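> These are the residues of each chain, in order.
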Amino acid sequence: MAETKKFSIVVSEGSFDKAMMSMMMGNTAASMGIDTHIYFTFFGLNLLKKGAKPKMPGMYRLFTGMMVKKMKGIGIEGYQEQLAMAKDLGIHLYACGTSMEMMGVKKEDLIDGVTVLGAAAFLNVGMDSEMQLFIG
Amino acid sequence: MDKTDTLDAKGLMCPMPIVKLAKKMKELKVGSVLELIADDVGAKEDVPAWCSRTGNELVGQKEEGGNFYFYIKKVQ
Numbered sequence: 001m002a003e004t005k006k007f008s009i010v011v012s013e014g015s016f017d018k019a020m021m022s023m024m025m026g027n028t029a030a031s032m033g034i035d036t037h038i039y040f041t042f043f044g045l046n047l048l049k050k051g052a053k054p055k056m057p058g059m060y061r062l063f064t065g066m067m068v069k070k071m072k073g074i075g076i077e078g079y080q081e082q083l084a085m086a087k088d089l090g091i092h093l094y095a096c097g098t099s100m101e102m103m104g105v106k107k108e109d110l111i112d113g114v115t116v117l118g119a120a121a122f123l124n125v126g127m128d129s130e131m132q133l134f135i136g
Numbered sequence: 137m138d139k140t141d142t143l144d145a146k147g148l149m150c151p152m153p154i155v156k157l158a159k160k161m162k163e164l165k166v167g168s169v170l171e172l173i174a175d176d177v178g179a180k181e182d183v184p185a186w187c188s189r190t191g192n193e194l195v196g197q198k199e200e201g202g203n204f205y206f207y208i209k210k211v212q
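Taken in sequence, the protein lines are chains A and B. Residue numbers for the first sequence, in the working numbering: 1 to 136. Residue numbers for the second sequence, in the working numbering: 137 to 212.
Honestly, the hints are just simulated from the structure, not real lab data. Note that the coordinates shown come from a computational prediction; the quantities given were computed from them, not determined experimentally. Built from N, CA and C at the ideal position, the CB exists for glycine as well. A hint or two may mislead.
As the list claims (entries may be wrong) - Short, incomplete list of chain A residues facing chain B, as computed with Cβ under 10 angstroms:
no. : residue
1   : A30
2   : M85
3   : D128
4   : S129
5   : L133
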């Protein structure tokens, strides 16, 4: 077996497309046995709120339902299901502490199992990763 | 090809065949051979990539009637 690799993702937007991309990349990586870490900052933080239901950006928000339906038709589950899968697969989920303060989000507003982390601490994770992605 | 179990992933697009494959392989014993059937063209590259990354062995592969068949042996 190839040695365990580390993968880190920063998500800075909370729209449906960014949400799905981060989950699909993350869940695929975790399914490949890759140690996966996702850091949610700025509007990305909204994705960690309990019951988050992201919409497509701008005027495309009206087409969110259509998009969800189309994805379900090709076997891709919704955002909440993917997030549950991420937790099952042991993906590390982090919330940016500064974004929480800035947007008035409390720890209890977030789903369970999220670690609040500062930039320096996450950069340490990123530095140890073989691959880093920015989704925003 | 001798197989222990079959996973039908037809109709599923990337990354679902891989996510389901990983989950299924966890349930199988070492030495088992899983037959995976997919119709997503991406699976042709994705399944071998998954095998080499996770250290499992792709013991066979064929294309039939627009479907892709993979035979994956659980090594660890």
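> Look at each hint and say if it fits the structure.
To see whether the hints hold, each was checked on the structure:
| no. | hint | in the structure |
| --- | --- | --- |
| 1 | A30 | holds (8 angstroms) |
| 2 | M85 | holds (7 angstroms) |
| 3 | D128 | violated (18 angstroms) |
| 4 | S129 | violated (15 angstroms) |
| 5 | L133 | violated (15 angstroms) |
Against the hints set out earlier in the document, violations occur for numbers 3, 4 and 5.
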